[in-house]
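Colleague: Here is how the chains run, residue by residue.
There are 2 protein chains.
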Amino acid sequence: MAMHGETTGRRSRTSGREGRQRARADHAVPAPPYLTRAIPTYELLSEDGLLRIERHADRILAEIGFEIRGDAVAHRLFVQAGARLDGERLYFPPGLIRAIIQASAPSTFIQHARNPARSVRIGGHATVFSPAYGSPFVADLDRGRRYGSLADFENFVRLAYASPYLHHSGGTVCEPVDLPVNQRHLAMLYAHMRWSDKAFMGSVTTAERAADSIALCRVLFGEDFVERHCVILGNVNVNSPLVLDGEASRVIRTYAAANQAAVCVPFILGGAMGPVTTAAGLAQCFAEAMVCVALTQLERPGAPAILGNFLSSMSLKSGAPTFGTPEPALAYFAIGQLARRLGVPLRCGGNLCASKIPDAQAATESANSLWPAILCGANFVLHAAGWTEGGLTMGYEKFVLDAEQCGLFAVLAQGMALDDNALAFDAFEEVGPGKHFLGSAHTLRNYETAFFDADLSDSNSFEQWSEEGSLDSARRANRKWKRMLAEYVPPPIDAGTDEALRAFIARRQAALPDAWH
Amino acid sequence: MAMHGETTGRRSRTSGREGRQRARADHAVPAPPYLTRAIPTYELLSEDGLLRIERHADRILAEIGFEIRGDAVAHRLFVQAGARLDGERLYFPPGLIRAIIQASAPSTFIQHARNPARSVRIGGHATVFSPAYGSPFVADLDRGRRYGSLADFENFVRLAYASPYLHHSGGTVCEPVDLPVNQRHLAMLYAHMRWSDKAFMGSVTTAERAADSIALCRVLFGEDFVERHCVILGNVNVNSPLVLDGEASRVIRTYAAANQAAVCVPFILGGAMGPVTTAAGLAQCFAEAMVCVALTQLERPGAPAILGNFLSSMSLKSGAPTFGTPEPALAYFAIGQLARRLGVPLRCGGNLCASKIPDAQAATESANSLWPAILCGANFVLHAAGWTEGGLTMGYEKFVLDAEQCGLFAVLAQGMALDDNALAFDAFEEVGPGKHFLGSAHTLRNYETAFFDADLSDSNSFEQWSEEGSLDSARRANRKWKRMLAEYVPPPIDAGTDEALRAFIARRQAALPDAWH
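Residue numbers (the numbering used here), protein chains in the order written: chain A, 2 to 518; chain B, 2 to 518.
Keep in mind the hints are simulated off the structure, nothing from the lab. Glycine is no exception: its CB is placed at the ideal position from the N, C-alpha and C atoms. Just so you know, not all the hints are guaranteed correct.
To be verified - Covered by chain B, per the in silico footprint, the following chain A stretches (three or more residues, Cβ under 8 Å):
no.	segment
1	48-55
2	308-322
3	359-366
4	443-452
Unchecked claim - Here are the computed lysine-lysine pairs in the DSS-like style, where the Cα-Cα straight-line distance is at most 25 Å:
no.	chain 1	residue 1	chain 2	residue 2
5	A	Lys436	B	Lys318
6	A	Lys318	B	Lys483
7	B	Lys318	A	Lys483
8	B	Lys436	A	Lys318
Model the full assembly from the supplied sequences, consistent with the hints where possible.
Modeller: Written as structure tokens, this is what we have:
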């Protein structure tokens, strides 16, 4: 990734094209553990508009209410805090939820990775890119679409580990459908812990599996460390509209009680789980997510938590969810503003698309999701790589194409250097009107770091591209992920720790009703 | 295109899915003649940063200078205005160029189309999408890449006319290579005038052809109307760095003298025609474009003009131009700010890419160009549809894919409605927690206008998509442009006007050295 305007790089010792190429090849890509945005956020709504949405979210929570189904502890916590309970439905006086959150929720926190150099900051100007989550299917150009397996899961962990532009190992990067449902979480967590050294996410399907996830982290990081630091995220969906089932609320409370971060994500397809108008879906999303974040604070004040946003549009011809459309983009911008005012880190979706294959549709829709995610100031971008077919499929080619687009935003997020080297008056003096800058001292001085050059983008001549087989970018991506897997070297792990992780998993397997095999 | 939050639409008379589908099918797509952005621009640089760039541009013009080669009239105009001439190089005291522009250049103007309902506003909050410009080649999935012909040219004029999301017919939408070079402009202009009723661009290859272009407009619009109104644009490239050849300067002056709009566009590939650092290329681009806009004002104070931006990066591995990279995106945002401060309409590139085919690379790169073009507040977006292979090829499939992405921005640019219908409290009251909104009164009321649904994006199930042939979006685009051409009906034209245009062209052909056939 280019570091604009930095002048501390090594100078080329030879001049001309050869020297430039050598300098460029020498240049190791720096891979910061997360992005630190030096660019401003995009402020879509005015103060008045933001107040309208905030008041509307408050009104929904006060007058329509929010149901938590089958979790008496959660009911008690909210009633003690000032909510009114009627059956399983909670009604919140305007401002109550915001006050609970702002009393104790951290605006930024560190999620620690087992390699400290890979720990990520979540909140503020930081942005973390994490792979797509939850697909039952996987696909590649060779074998097409099929159910995911543990082998696929491990492949995607390896690919995320190998990508300099992904900062996180993710969670259920695909469903390992070849394992019993109640044991998948143990295998998935072991893969994240063993085959990567980046931060990761735990199970959220039951409170018991969430507890397993945290217990495994205690083995990996040590009990005391886990008590004091965030080492795992749990991504919990609201049962939109305005319902949280008891299992989900217990999962949220399990993570919070252990000082780990629940990602609280409404799941709203406009027209189905929310109204068809964007402002209404946005207010609903904000209201739902706030209630869940507030629950984390009632469970354990000061626990890290992330406000989630998943708000999509729908094809009104077919009822199918659509992605990369303008309405969710507008909602991204607004929820970014709302999250900053609330003071809680924001999760958004990344390279989302409805396409079944890594074609132009997939790329356009994905870019139309990632642009607003970055410019709205999202702190944790889930689904940043691989998402295909509305999340039903994790695509190998899509994964590496998306990761490269994340690389582009790593450069964009640095903004524009305006120092003397960047302004380059000396280059204009040297070259002057009508000449070219290729051999100028300024070009040679900045050669190693100038211009992001996407590996999978072919900018060669038509003739050269034809000679090389007229490959489309999906075909080039196919070669790339295979090369990445072939060249993959696992990060080192302490043998005793590895043993302890395996022993824990073996004990849990023995205690679970289904066998491992 | 959805009109968010408008509640004036017809109500559905039947309920349920059938009623919704009927209402949706009835809904004619409104096609405003241009976008009026209701969303804010993205402000990348601070006041201090903008001043640095402005002062740097001033310094380049004062100390490095700018050459106009072989146009003594232009030299005289600038010297009379206060510049110093040395040989053919002009040196401008800091602030001079800005003062010339701000004394008389309009910040917004109307380019009239022969159909008054299609006239476009250029400047302010308006954005106009225009097809790609200047490709010698064309390509489609059936016939591959080949030289463009007049038949191709006419096809692209028809496609732009038929697209509700393109506001302009463009200029050299492809080179009609089957015609003699010195007669192409007459055939191209006739095609724009006859086969579309949208606004268009004229020839810029010689001053004589520019004069022909304007003379043809006098036939179409009437002499008096052309004297008082802008009816044609001429897109003129600077010979970057810091040179304008005499033919180009005469073309600029020809358009300005006739009260028509020169689009003044530096052509900078960083590392070749400008330094490799973004801030330097930006300052150079701004300086060059300002000199050309100033020339229009010296030729005829008050003449419309557009400040152009074409600043691309380069693959430092191969020297090839690259598109959709982060550096030009940053430059877009900044030049948008600079153009607003200057008070002159801005041209940016639209769906730019280096890819040879309409694949994921093409789509990603294009989105990475169009997003900053919109958010920077570009007023005239050239190359909004069809651009392929760094501008060498005009792609049929790319054209319709790009046009659809322009449609997405038509919705985005409207921003988010925040009225009571958009906030939809009645929908929450009707539906409540845990239910769905599909049949709610609010959904039915907003059904016709909710959610942009891209025609070429397939959001169907994997099974349905497979049954329909597993087409990628390029293949669907192939079907679409053929259908659009098959269904094309030319706009009416007055028979006498048509005759007069043909007679003018026949006279000019007879006077030109090469024969028509």
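Colleague: Any hints this thing doesn't respect? Which numbers, in order?
Modeller: none
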